[in-house]
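Residue numbers (our numbering), protein chains in the order written: chain Z, 1 to 321; chain L, 1 to 321; chain G, 1 to 321.
Treat the hints as calculated values from the structure; they're not laboratory data.
Possibly wrong hints are sitting among the right ones.
Chain copies aren't distinguished; within one or between two, either way the pair holds.
Said to hold, decoys possible - Below are the SDA-like pairs computed for lysine to any residue, each with C-alpha atoms no more than 20 Å apart in a straight line: (1) Lys74 x Leu260; (2) Lys235 x Glu37; (3) Lys235 x Arg200; (4) Lys159 x Leu5; (5) Lys235 x Asp6; (6) Lys159 x Gly9; (7) Lys235 x Ser95; (8) Lys235 x Arg64; (9) Lys45 x Ser34; (10) Lys235 x Glu23; (11) Lys74 x Val43; (12) Lys74 x Leu165; (13) Lys74 x Arg232; (14) Lys74 x Val219; (15) Lys206 x Arg261; (16) Lys74 x Arg50; (17) Lys235 x Arg261.
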Amino acid sequence: MNPQLDADGRLRHFLDTEGLSRETLTHILDTAESFAEVSEHAVKKVPLLRGKTIVNLFFEASTRTRTTFELAAKRLSADVLNINISTSAAVKGESLLDTLRNLEAMHCDMFVVRHADSGAAHFMARHVQPHISVVNAGDGRHAHPTQAMLDAFTIRRHKPDFENLTVAIIGDILHSRVARSQIAALRILGVPEIRVVAPRTLLPAKPRALGVVPFTDLVEGVHGADVVITLRLQKERMRGALLPSEHEFFQLYGLTEERLREASPDAIVMHPGPINRGVEMDSRVADGPRSVILQQVSHGIAIRMAVMSITLGAIRSEGTT
Amino acid sequence: MNPQLDADGRLRHFLDTEGLSRETLTHILDTAESFAEVSEHAVKKVPLLRGKTIVNLFFEASTRTRTTFELAAKRLSADVLNINISTSAAVKGESLLDTLRNLEAMHCDMFVVRHADSGAAHFMARHVQPHISVVNAGDGRHAHPTQAMLDAFTIRRHKPDFENLTVAIIGDILHSRVARSQIAALRILGVPEIRVVAPRTLLPAKPRALGVVPFTDLVEGVHGADVVITLRLQKERMRGALLPSEHEFFQLYGLTEERLREASPDAIVMHPGPINRGVEMDSRVADGPRSVILQQVSHGIAIRMAVMSITLGAIRSEGTT
Amino acid sequence: MNPQLDADGRLRHFLDTEGLSRETLTHILDTAESFAEVSEHAVKKVPLLRGKTIVNLFFEASTRTRTTFELAAKRLSADVLNINISTSAAVKGESLLDTLRNLEAMHCDMFVVRHADSGAAHFMARHVQPHISVVNAGDGRHAHPTQAMLDAFTIRRHKPDFENLTVAIIGDILHSRVARSQIAALRILGVPEIRVVAPRTLLPAKPRALGVVPFTDLVEGVHGADVVITLRLQKERMRGALLPSEHEFFQLYGLTEERLREASPDAIVMHPGPINRGVEMDSRVADGPRSVILQQVSHGIAIRMAVMSITLGAIRSEGTT
Chain Z
1 MNPQLDADGR
11 LRHFLDTEGL
21 SRETLTHILD
31 TAESFAEVSE
41 HAVKKVPLLR
51 GKTIVNLFFE
61 ASTRTRTTFE
71 LAAKRLSADV
81 LNINISTSAA
91 VKGESLLDTL
101 RNLEAMHCDM
111 FVVRHADSGA
121 AHFMARHVQP
131 HISVVNAGDG
141 RHAHPTQAML
151 DAFTIRRHKP
161 DFENLTVAII
171 GDILHSRVAR
181 SQIAALRILG
191 VPEIRVVAPR
201 TLLPAKPRAL
211 GVVPFTDLVE
221 GVHGADVVIT
231 LRLQKERMRG
241 ALLPSEHEFF
251 QLYGLTEERL
261 REASPDAIVM
271 HPGPINRGVE
281 MDSRVADGPR
291 SVILQQVSHG
301 IAIRMAVMSI
311 TLGAIRSEGT
321 T
Chain L
1 MNPQLDADGR
11 LRHFLDTEGL
21 SRETLTHILD
31 TAESFAEVSE
41 HAVKKVPLLR
51 GKTIVNLFFE
61 ASTRTRTTFE
71 LAAKRLSADV
81 LNINISTSAA
91 VKGESLLDTL
101 RNLEAMHCDM
111 FVVRHADSGA
121 AHFMARHVQP
131 HISVVNAGDG
141 RHAHPTQAML
151 DAFTIRRHKP
161 DFENLTVAII
171 GDILHSRVAR
181 SQIAALRILG
191 VPEIRVVAPR
201 TLLPAKPRAL
211 GVVPFTDLVE
221 GVHGADVVIT
231 LRLQKERMRG
241 ALLPSEHEFF
251 QLYGLTEERL
261 REASPDAIVM
271 HPGPINRGVE
281 MDSRVADGPR
291 SVILQQVSHG
301 IAIRMAVMSI
311 TLGAIRSEGT
321 T
Chain G
1 MNPQLDADGR
11 LRHFLDTEGL
21 SRETLTHILD
31 TAESFAEVSE
41 HAVKKVPLLR
51 GKTIVNLFFE
61 ASTRTRTTFE
71 LAAKRLSADV
81 LNINISTSAA
91 VKGESLLDTL
101 RNLEAMHCDM
111 FVVRHADSGA
121 AHFMARHVQP
131 HISVVNAGDG
141 RHAHPTQAML
151 DAFTIRRHKP
161 DFENLTVAII
171 GDILHSRVAR
181 SQIAALRILG
191 VPEIRVVAPR
201 TLLPAKPRAL
211 GVVPFTDLVE
221 GVHGADVVIT
231 LRLQKERMRG
241 ALLPSEHEFF
251 QLYGLTEERL
261 REASPDAIVM
271 HPGPINRGVE
281 MDSRVADGPR
291 SVILQQVSHG
301 IAIRMAVMSI
311 TLGAIRSEGT
321 T
């Protein structure tokens, strides 16, 4: 029933954290542990995906995300094609489905897709041939599951027991594909308390239905938290009516050393990057001892290597053991 | 005498199908057969061109064509450089010859060239050093020989006996480098009847001299054909005086299921892509049982692998056996 | 003390020729000799940097320079990432330091940096983690050390004894990072007479302090020289008040066959490319028997392979023997 799984329950696509089992997510985290070591070796390559062709199909520009997928693929010895669609086929009026069919015909093995429309990755997964895997690298406001998993990985390295955690997510929850995927992943992994902290206009309409506790006050929301995640503020939205200014956002929701003292004494601070310093958080927090933001970046490679290896069947899936 | 052959009659450049022998074209097709299998393996790489440097030198943007050459080169284990000239040296006022001399000095082995000017690939082949090969990836209105060969390959897989075929090519024959290279290739391979179907303004001036039979009526042109090839309509030209509108073109020359019934019962339908659905053909034809359009894309990789291997001397040329 | 060396005196970064020892520069030249042969082999690859990740971080577009670094890295079997910052993170307002930290966290091993600001490469070298090397691919008006070393390499191949040479550098000395790095390298290597030839407005303010002899007359400056280096004229500057026109520059400082007769009978002519033909020199000189301009391009790959291998510790540094 889950479009990400094949008939044997094996993870074939990675589109969303929602709807997956705790076993599947844990298997991804465990596999990433072994790859985290590979990246620290002098020779950072393993031949797991040699001869496979992975296509970065980016309909939305993102050098940072594309780079992490490209590095992950190269360290698995796959061949990588970077295709930026806004400057190519889309201009010639080719449909998404025709683009897909053509890349399939070239015997590509995986599509890593980023698209401004929610549901684009699911659409592709529904239409690709049986031997091809689709990985969602961010679709509209919907999901960004590899980001959520690298966040879960980073949390687990510092706080191994998900079942005893309080996690606070601060920022534009309503429009964030990162928050949506994080919430789903952390719930599946057993986190008992997930808080969302934002001005009322940026909170989800029915937080309880999502299993999260809403806060409009930052200090209350952060109080006692083990993990504090700040989201990137999309500046485009600041120009609209939802928020008056960056300055005002920082006054109310910017993470400072003082406010962070409300959290648990050994709380970690996370951010998906790139940080707007002085908007989402103060530089002293971003670069301070609680920050694990650069670890998130490192773990992003390991998680993407894990997701690529598992979905392409190069590593035994937990579903088949 | 033929600029594509070296002193021993070996294929050194691939600029045009015109002027080559049936043996040479057949050798390319036969070599591509072996590569077509490589692309279907789990590990799609062979080490034939390891340590060679292949430069995609694109003066005209074409993600699709560039991608097929890039994949072909990577599956032969070559290193690939993508150089888009409109955004680099040309801006600094460097001449084509200086660009060439510089890339030669970097010890590149092959230039895959796409250029808006007819004759650009021949110009380069005349001026490169003896150890370098030039492959034409489309030059102006002149030639697109790898497209013609992948079409011939696709035809041969369905209709092995070229000498008993009727092929109809529909569209803007006059301005099409694809049509020009197809006609030359199919004549050399022995196809006895090649028809061109277009409004009078888009037909070549002297079709008989090209060895083709002109038709202005689609139904007559397709009648009894074994192979129906539709060309991509260049929308830029629609804005000129040659054709009034896409809609009118489809009315007169668009391939529909009904019109296709005029062809031979087991006729195949081809298109170089990307298709303008509802202009050159109806989606029911494009996605229907007679369409081999996606096979053309697959075969494009195999043909380019064959051309690269043969011209770089990694596979024995038919001229040397 | 020198930011390019580690505690053991090993070359860790390559930012500038200035301040390095003759032994270090000679070690780079000797190492490049072995790589110059690799590029002429049928298989142009060696596995020295397999599993390493080299990032071309270009804040200023330069296809030609980027290409030589990319080829050098690929021929050493490294993985290469091309990041053009003007079109990515910088747009999102990320600082140079944040970009650096993120790429470090992805376990990249080397940054090849080109930047419009003088000192950018030094800034990065000061801030990267201990295991990462920075190579300067041109920073503002400051330095372009790999260009200077490929020039020294080319000179040595024709004139092995640096201590008996007269070198004339012609053009906009004042604003040229190439000239600055050449002068430093040639002085360190022992060249006794380095002349700079330019209109007064383009000469350095205190030439004697740089160890060079200024000339405003081309014929006098070239007289008896063993090596004549012409710099590329930045056309942007022509529009300013410093020089009236390309035509006038050629009249006064363009290298012609006649003027070249003033130099030593076996003088060589060099240019960093791309040449503005008819501005810096006549085509008869550029393509003539004295020109070693294309050899410079070839040697550029070998020098970059040497610098990459030495700084990443894949080849024993002269400082550790």
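- If the cutoff is 20 Å on CA atoms, where do Lys235 and Arg64 land: within, between, both or neither? Let me know, please. within (18 Å within a copy, 34 Å between copies)
- Item | Intra/inter-copy verdict for Lys74 and Arg50 if alpha-carbon distance must be at most 20 Å | both (9 Å within a copy, 11 Å between copies)
- Are the CA atoms of Lys74 and Val219 at most 20 Å apart within a copy, between copies, both, or neither? For Lys74 and Val219, neither the intra-copy (43 Å) nor the inter-copy (52 Å) Cα distance is at most 20 Å.
- Item | Intra- versus inter-copy proximity for Glu37 and Lys235 (alpha-carbon distance at most 20 Å) | neither (36 Å within a copy, 50 Å between copies)
- Query: Between the shortest in-copy and the shortest cross-copy C-alpha distance, which are at most 20 Å for Lys235 and Arg261: within, between, both, or neither?
  - Reply: neither (27 Å within a copy, 57 Å between copies)
- Message: For Lys74 and Val43, with the copy left unspecified, which applies at a CA distance of at most 20 Å: within, between, both, or neither?
- Response: both (12 Å within a copy, 15 Å between copies)
- Task: Up to 20 Å between alpha-carbons, please classify Lys235 paired with Glu23: within, between, both or neither.
- Result: For Lys235 and Glu23, the Cα distance exceeds 20 Å both inside one copy (37 Å) and across copies (52 Å).
- At 20 Å max between alpha carbons, let me know whether Lys74 reaches Arg232 within a copy, between copies, both or neither. neither (28 Å within a copy, 36 Å between copies)
- Within, between, both or neither, where Lys235 and Arg200 count as close if Cα-Cα is 20 Å or less: So Lys235 and Arg200 pass the 20 Å test inside one copy only (18 Å; across, 50 Å).
- Item | 20 Å Cα threshold - placement of Arg261 relative to Lys206 | neither (29 Å within a copy, 58 Å between copies)
- Query: Which holds for Lys159 with Gly9 at a C-alpha limit of 20 Å: within a copy, between copies, both or neither?
  - Reply: neither (29 Å within a copy, 42 Å between copies)
- Please work out whether the CA atoms of Lys74 and Leu165 approach to 20 Å or closer within one copy, between two copies, in both situations, or in neither? neither (35 Å within a copy, 46 Å between copies)
Hint compliance for this structure: hints 1, 2, 4, 5, 6, 10, 12, 13, 14, 15, 17 are not met, and every other hint is.
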